[in-house]
Amino acid sequence: MITYEWLYILAGSFFAIWALLSLRDRLWGNAGFWGLLAASFFGGSHFSDLENGILVLAMVAIAGLGGLKRSNPDTTGETSRQKRALSLGNKLFIPALIVPFTAVAGTLLYNFTPLGETGLFEARRETLLLFGIGVVIALIVAIIWLRPPALAPANEGRRLLDSIGWAAILPQMLAALGAVFALAGVGEIIGGAAGSVIPEGSIFLTVVVFALGMAIFTMIMGNAFAAFPVMAAAIGIPLLVETYDGDPAVVGAVGMLAGFCGTLLTPMAANFNIVPAALLELKDQNGVIKQQVWTAIPLWVCNVAIIYVGAFLLWK
Amino acid sequence: MEDVNYWPLAGIAIVVVGFALKFNPLLVVVGAAVATGVLAGLDVVAVVEALGKAFNDNRYISVTWIILPVIGLLERYGLQQRARGLIEGIRGATFSKLLIIYLGFRQITAALGMKDIGGHPQAVRPLVAPMAEAAAESAHGDLRDGDREEIKAMSAATDNVGLFFGEDIFFAIASILLIQGVFESAGYPLTPLELSVWAIPTAICAFFIHGWRINALDRRIGAGRSARR
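Chains as they are written, first to last, in the numbering used here: chain A, 496 to 811; chain B, -6 to 222.
Any given hint might turn out to be false.
Within a straight-line C-alpha distance of at most 25 Å, the following computed BS3-like cross-link-like pairs (lysine-lysine) qualify [stated by the list, open to error]:
1) K90(B) x K564(A)
2) K90(B) x K108(B)
3) K15(B) x K564(A)
4) K15(B) x K785(A)
Treat the hints as calculated values from the structure; they're not laboratory data.
Given only the sequences and the hints, what does the whole structure look like? Please build it.
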């Protein structure tokens, strides 16, 4: 049976190669950071909880001390890319499309044909495992077709990875924070308090408070990912899912999108709202946000309606 | 009723204040986790253990980055340039049609996992905004400075809306897996596809709402122009 462990060894190998290439470029912080992440993928299941915790603290220390730098691996220039884009055309999209196609078609085949009975994949893990398989196929196809220099796939990946930097593990860290919140009983505390504030049994008002909390926390923090574990622990899970028996998939997925409406409204999300205003030389640095206000607000209302209908009226 | 210990909520306050003050988010998250655990009565070692276990359990979220060599390699051979070529193909359309097509293009490519096709430095500044300006000019004649500002800002807004409300349809993306991780820790196992299909209704709403707003801006510029004649 193919399990997540296989995927972790694959991912660990990628990060180990990136760590080694960073080492070669004398980017010690990058090498340490990606090396520790590789170690987590390879050995995390065998380390003790304390060892895993120390590994996390070490990674955070490297990032917090500014140890991660941009890298400058060899790549092609604008003119050469223009020329190749012209000759390769839309076929360039094919390798990228192999990945979602493998994952989605594979998941459907696995779930709706007797293939599922083979027990080839760990239960409920098939989509992400097929994503990994899709990446490997796409990489092989691209390498055979384009015949890049041997280190180019690793270096091009590293160019993108180092432009993301420590933010690459932020979602994983936030999910871990959500687990610590759950352990400390944050949900029960807020659920108890909110339960006495929100009128008894009003599912609709609770949905509104949840979606509003996602949007407002996102606006304050500039990041819907950070708002999510907070609001999920506070209202999404204890009230909407546990007390009112809502569909967790809708509450989670659309709750996040209610947060994205907040992202459209805040200067704190500088990369999306303030940087473009500067790039476009707008006189008003909030000009982009102003164009987004009357898209974000009606869309937020739609999200409230989708949660209410999808998670409660249509569920069960 | 017995007294409830509200102190663990300080962790939430640390997240909110830490992000708002732009401290390194990883430090903020660790600080919040330690504060929450300690104030709930755990000792520091137990909190580090809990954090380590939770980080380890959620490793699949960071697996998504293995797609980077594929995208990077395609970029080496002109993926961005080819995407720009496609966008340039919309030339000749009216201002509103141009931005609405770009909105759909951005949503669909993001939904297929290519969220770095497009973007402000790569596509909006060099391409979408100037094309939108030119299209509005050819339809409405000379533009006022205020109109120009609004057209450029709307081009950037269209990129954001297209990205945000397309990307979550792709299942192997950090936000979907973060949702999965948080719910799994709370005892609700979900699959990525169960979550990502629920991004589709919002994506459709976003397309129509923002498309309507692009049209409204087009009409407003046209009306302002004829009022000045």
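Hints, one by one, checked against the model:
The suggested pairing of K90(B) with K564(A) is violated, with an alpha-carbon distance near 41 Å, which exceeds 25 Å. With a CA separation close to 22 Å, the supplied pair K90(B) and K108(B) stays within the 25 Å bound. A hinted pair counts as satisfied when its Cα atoms are at most 25 Å apart, and K15(B) with K564(A) qualifies at roughly 19 Å. The hinted pair formed by K15(B) and K785(A) meets the criterion: a straight-line CA distance of about 23 Å does not exceed 25 Å.
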